[in-house]
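Chemist: Chain residues, written in single-letter form:
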Amino acid sequence: MSNAKDMQDFPVLPDAKGHFGIFGGRFVSETLSAALDELDALYTRLSQDPAFQKEFDEDLAHYVGRPSPLYFAEQLTKHCGGAKIYFKREDLNHTGAHKINNTIGQALLAKYSGKKKIIAETGAGQHGVATATVAARLGMECKVFMGATDIERQKLNVYRMRLLGAEVISVESGTKTLKDAMNDAMRHWVTHVDDTFYILGTAAGPHPYPKLVRDFQSIIGRETIRQCDEQLGRQPDAVLACIGGGSNAIGMFYPYLNMHDVRMIGVEAGGLGLSGNDHAAPLCKGRPGVLHGNRTYLMEDDNGQIMGTHSVSAGLDYPGVGPEHSWLKDIGRAEYVAATDDEALDAFRALTRIEGIMPALETSHAIAHAMKMAKDMRPDQVLVVNLSGRGDKDIHTVASIDGLENVDV
Amino acid sequence: MSRIAALFSELNKTGKKALIPFVTAGDPHPSVTVDMMHGLVEAGADIIELGVPFSDPMADGPTIQLACERALMHNTSLRDVISMVTEFRTKNANTPVVLMGYLNPVEAMGYETFAKAAQQAGIDGVLMVDMPPEESGENAKIFADHGLDIIYLIAPTTTDARISEIAKYSTGYVYYVSIKGVTGTAAIDVDDVSKNLERIRSRVSIPVGVGFGINNGEAAAAVASVADGVIVGSALVNKIAANAAQPDVAIAEVKTVLSEMRTAMDKQ
Chain U
-7 MSNAKDMQDF
3 PVLPDAKGHF
13 GIFGGRFVSE
23 TLSAALDELD
33 ALYTRLSQDP
43 AFQKEFDEDL
53 AHYVGRPSPL
63 YFAEQLTKHC
73 GGAKIYFKRE
83 DLNHTGAHKI
93 NNTIGQALLA
103 KYSGKKKIIA
113 ETGAGQHGVA
123 TATVAARLGM
133 ECKVFMGATD
143 IERQKLNVYR
153 MRLLGAEVIS
163 VESGTKTLKD
173 AMNDAMRHWV
183 THVDDTFYIL
193 GTAAGPHPYP
203 KLVRDFQSII
213 GRETIRQCDE
223 QLGRQPDAVL
233 ACIGGGSNAI
243 GMFYPYLNMH
253 DVRMIGVEAG
263 GLGLSGNDHA
273 APLCKGRPGV
283 LHGNRTYLME
293 DDNGQIMGTH
303 SVSAGLDYPG
313 VGPEHSWLKD
323 IGRAEYVAAT
333 DDEALDAFRA
343 LTRIEGIMPA
353 LETSHAIAHA
363 MKMAKDMRPD
373 QVLVVNLSGR
383 GDKDIHTVAS
393 IDGLENVDV
Chain Z
-3 MSRIAALFSE
7 LNKTGKKALI
17 PFVTAGDPHP
27 SVTVDMMHGL
37 VEAGADIIEL
47 GVPFSDPMAD
57 GPTIQLACER
67 ALMHNTSLRD
77 VISMVTEFRT
87 KNANTPVVLM
97 GYLNPVEAMG
107 YETFAKAAQQ
117 AGIDGVLMVD
127 MPPEESGENA
137 KIFADHGLDI
147 IYLIAPTTTD
157 ARISEIAKYS
167 TGYVYYVSIK
177 GVTGTAAIDV
187 DDVSKNLERI
197 RSRVSIPVGV
207 GFGINNGEAA
217 AAVASVADGV
227 IVGSALVNKI
237 AANAAQPDVA
247 IAEVKTVLSE
257 MRTAMDKQ
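Those sequence lines, one after another, are chains U and Z. Our numbering numbers the first residue of the first sequence as -7 and each following residue consecutively. Our numbering numbers the first residue of the second sequence as -3 and each following residue consecutively.
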C-alpha cells in the first residue's frame, strides 16, 4: 500500500551461491561443503513443497501460538509523548522468544534429512532452549554449545535446556561467548557430519543458513504487515528490532524490503559506548571481513583478528552480523544504530513498570531506541518494535546490577 | 616452474615422498619461528606449511587453537609472518613455504597488498582453509598473478564431481584431509585414505599431500606408501606446547619427531 511508486524493487537475494552483494557466501573448510550442498538442496525442494509448508504453518499456529499479537503500548506512548509505539509480541511465543520460529522450521528439515542428532550454538540461551524444545518433541538427541561466560549469566536457560533433555556443552575457548560457541558447534559438526543436523540460530553463517533462517523468521514481518492493515489501516513509519546476529530483525525487515517508505532500523549493542571497543556493534563501527562462513561486517583489529565484544545482553554479544544486514546497510535500505547497556537497562525497567511487560535485555536495546525516537515524532506517526523475547532469563543479570547477588531461581 | 612443482618433480625422480611439517608462526614466540623453520629443514622437511595465527580457527582442534592463542599473545600478525619468511629466505633459497590459515587476516591486509608482499618474501603458496574454490574468484587470480600456488583441501565428504572442480583451480599440490573432523583429534585410517586417494588421483593430476591424524613414524610411512606428501601438524605443535617456556628444547623435540618420520618414510 505504501510503496513509493518511483522506487525500483530490490532484487531477490541471495543469489544461488548465497551472496547478498559482496556479503554472505560460503567460506567453510571443505569437509562441510557437501553437507551444506545437501542442506541447500533439501531446503530448496521442501520450501516448494506444500506439505512441508502446511506442517510448518500448523506447528506455528498450534505449537508456537501464532499469530503473535500486535499490541498498542498506550502507556509507553503517553510516557514518551510522541509517535504511537506498537509491539510485535514475539515474547508470547512458546519458549518466550522469536527463536522458536526458526527451530520449528529447521527441526522439520532435520526430520526430512533423516539425521538423528541435533546440535546448536546459543548465546543468551533462547535459541538453545528453542532447539532443545523441538528436539524433545522429535525425540532426537540434542547437544547445545554455550560459552562458559554465558552459562554463568544465563543460568535459568541452562537449566531449562537440561530439563528438556539437552546436553549443554560448556565452551572454554577464546572469549567463552557466542562466537566461540559457534566455532565449537562447527567443529563438532565437521566431526559428526554424517548423522548430525546443525540448527543454526541466527541469520548468519555459511549459505544456505542466512536465507533459510530469514525465510522461517519472515512470518514476523508478514504478520505485522497484515495486522497493521487490519488494526491501523496503514503501515508504520518505521519498524525496529535489536541486532546480534540479526534473525529477529531480518524476520521483521524482509517482508518490508520493497515498502520503500517504511524505515527499517536495527539497534545494535552499544555496550559501554561506541567511542571505545567495549560494545558489539559491527554495523555501526566494524568493517567487512570473513568469519563463521560468511563475509559480513565484523569487529576486528587492524590485523584481521576478531575482537572480544561487550554487551550486557548475551544474545547480542557477537562480533559479526547476518550478511543480509550488511547488504541492507550498504545499499542504504536499513539504518543501523546502537543503544548502550545503560539505555537498554533503563528501557527494561521502563517497559516493566509502565506496561507490565518484562522484555529480554536484547529486545530492550530496540525499545530504548524507539523511546528516544518517538519523542521527536508526531502523535499520528507509528513505530512498530519487534518485542523479540521476554526477560525472565535476565533476572539474574539485572539483580546483580542492582547489587543483589544471590537471587535463587 | 614453481618451487613446489620443481620439488615434487625432483622427488619423483628419486622415488621419495615429500615430508610437509606445519607449525604456527609466532608459537611459542615470534623470535623462535625462523630458527624453528631451519630446524624443520634440518630434520628432513621438504615443504614448510607455516600457520598464520587467527583468533577463531574454526577447522582446528584444541592443539592448533592453543598455538594460535600463544602466537596472538605476542600479537603475531600476517605482516610479521611474511617478515619471518623474508628472514628465513636469507639462509634458505630452496625449501618451499606455504602460508596456511584463515581468510580474514588476508582480507584485512588486502589481497593485492598481501600477494605482492608474499611474493617478495619468497612465499610459494597459500592454503586458506575457509576459501573454497567457489569463493576464490578474483582473489585466486591475484594470488596466481603473483606466482603463488593455491592449495585447496579435499575431504572424505567431497563428491567426485567436486574433486574434478577443485582440480581445475589447484596448483602445487592438493591437501587431502584424511578424516572428518578438526586437526589433531583422531588417528588416520590408511586403508580408508588409500581408497579415497584412488578416487582423487583419477581426477587430479598434481601431487596429493595427506594430512590430519599422522602422529608418528609408522603412520607417516604408511601414508607415504600411498600419497605424494605427508603433512604433519598437531604432533609437532604438541611438542612446542609442552616446551613453550624453553624454545631450544621445543625445536629439538620437534626435530626428533620429524626425523623419526623422515627415516621411517625413506626406509620403504
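Do not take every clue at face value.
Calculated cross-link-like contacts (lysine to aspartate or glutamate; reagent style EDC-like; alpha-carbon spacing at most 20 Å) [what the hints assert, rightly or not]:
no. : chain 1 : residue 1 : chain 2 : residue 2
1   : U       : K367      : U       : D384
2   : Z       : K176      : U       : E347
3   : U       : K70       : Z       : E130
4   : Z       : K176      : U       : D187
5   : Z       : K191      : U       : D49
6   : Z       : K112      : U       : D29
7   : Z       : K176      : U       : E30
8   : U       : K46       : Z       : E134
9   : U       : K168      : Z       : E214
10  : U       : K9        : Z       : E65
Over 10 Å on every C-beta distance to chain U, these chain Z residues come out as not near it, computed from the model [as the list claims (entries may be wrong)]:
no. : residue
11  : K9
12  : P53
13  : P58
14  : R75
15  : S79
16  : T86
17  : D126
18  : G143
19  : P152
20  : T153
21  : R158
22  : V173
23  : K176
24  : D185
25  : A241
No lab work stands behind these hints: they were computed from the structure. Note that the Cβ used here is the ideal one computed from N, Cα and C, for glycine as well.
Chemist: Decide, hint by hint, whether the structure agrees.
Modeler: Status of the hints after comparison with the structure:
1. In summary, the hint linking K367 of chain U to D384 of chain U is not supported, as the alpha carbons are separated by about 28 Å, beyond the 20 Å threshold.
2. With a C-alpha separation of about 52 Å, the suggested pair K176 of chain Z and E347 of chain U falls outside the 20 Å cut-off, and the hint is violated.
3. Only pairs whose Cα atoms come within 20 Å are accepted, and K70 of chain U paired with E130 of chain Z is rejected, the gap being roughly 54 Å.
4. Taken as a hint, the K176 of chain Z and D187 of chain U pair is honoured in the structure, with Cα atoms around 12 Å apart against an allowance of 20 Å.
5. Between the alpha carbons of K191 of chain Z and D49 of chain U the distance comes to roughly 46 Å, so the proposed pair goes past 20 Å and is violated.
6. Taking the CA atoms of K112 of chain Z and D29 of chain U, the gap is near 34 Å; set against the 20 Å cutoff, the hint is violated.
7. Of the pairs offered as hints, the one joining K176 of chain Z and E30 of chain U holds, with about 16 Å between alpha carbons and a cut-off of 20 Å not exceeded.
8. With a C-alpha separation of about 43 Å, the suggested pair K46 of chain U and E134 of chain Z falls outside the 20 Å cut-off, and the hint is violated.
9. For the proposed pair K168 of chain U and E214 of chain Z, the alpha carbon gap of about 38 Å is over 20 Å, so the pair is violated.
10. A distance of roughly 33 Å separates the Cα atoms of K9 of chain U and E65 of chain Z; the hinted pair therefore is violated under the 20 Å criterion.
11. The beta carbon of K9 of chain Z is kept farther than 10 Å from every beta carbon of chain U, the shortest such distance being approximately 31 Å.
12. Not every C-beta of chain U lies more than 10 Å from that of P53 of chain Z, the closest at about 8 Å, which undercuts listing it as non-interface.
13. With a cut of 10 Å on Cβ distances, P58 of chain Z falls inside the contact zone with chain U, its closest approach being about 8 Å.
14. Consistency note on R75 of chain Z: stated as away from chain U, yet its beta-carbon is not over 10 Å from all of that chain's, at 8 Å minimum.
15. With a least CB separation of 13 Å from chain U, S79 of chain Z remains clear of the 10 Å interface cut-off, as annotated.
16. Distance check on T86 of chain Z: its Cβ is at least 24 Å (rounded) from any Cβ of chain U, clearing the 10 Å threshold; non-interface status holds.
17. At roughly 4 Å from the closest C-beta of chain U, the C-beta of D126 of chain Z falls inside 10 Å, breaking its exclusion from the interface.
18. A cut-off of 10 Å between C-beta atoms confirms that G143 of chain Z is not in contact with chain U; the least separation is 23 Å.
19. Taking the minimum C-beta to C-beta distance to chain U, about 7 Å, the non-interface status of P152 of chain Z is violated against the 10 Å cut.
20. The beta carbon of T153 of chain Z sits about 4 Å from the closest Cβ of chain U, which is not more than 10 Å, so the claim that it is off the interface is violated.
21. Its closest Cβ contact with chain U, about 7 Å, brings R158 of chain Z to no more than 10 Å, contrary to its assignment away from the interface.
22. The claim that V173 of chain Z is not at the interface with chain U is violated, since a C-beta of that chain comes within 10 Å of its own (minimum 6 Å).
23. Once the 10 Å rule is applied to beta carbons, K176 of chain Z is inconsistent with being away from chain U; the minimum gap is 6 Å.
24. A cut-off of 10 Å between C-beta atoms confirms that D185 of chain Z is not in contact with chain U; the least separation is 14 Å.
25. The beta carbon of A241 of chain Z is kept farther than 10 Å from every beta carbon of chain U, the shortest such distance being approximately 22 Å.
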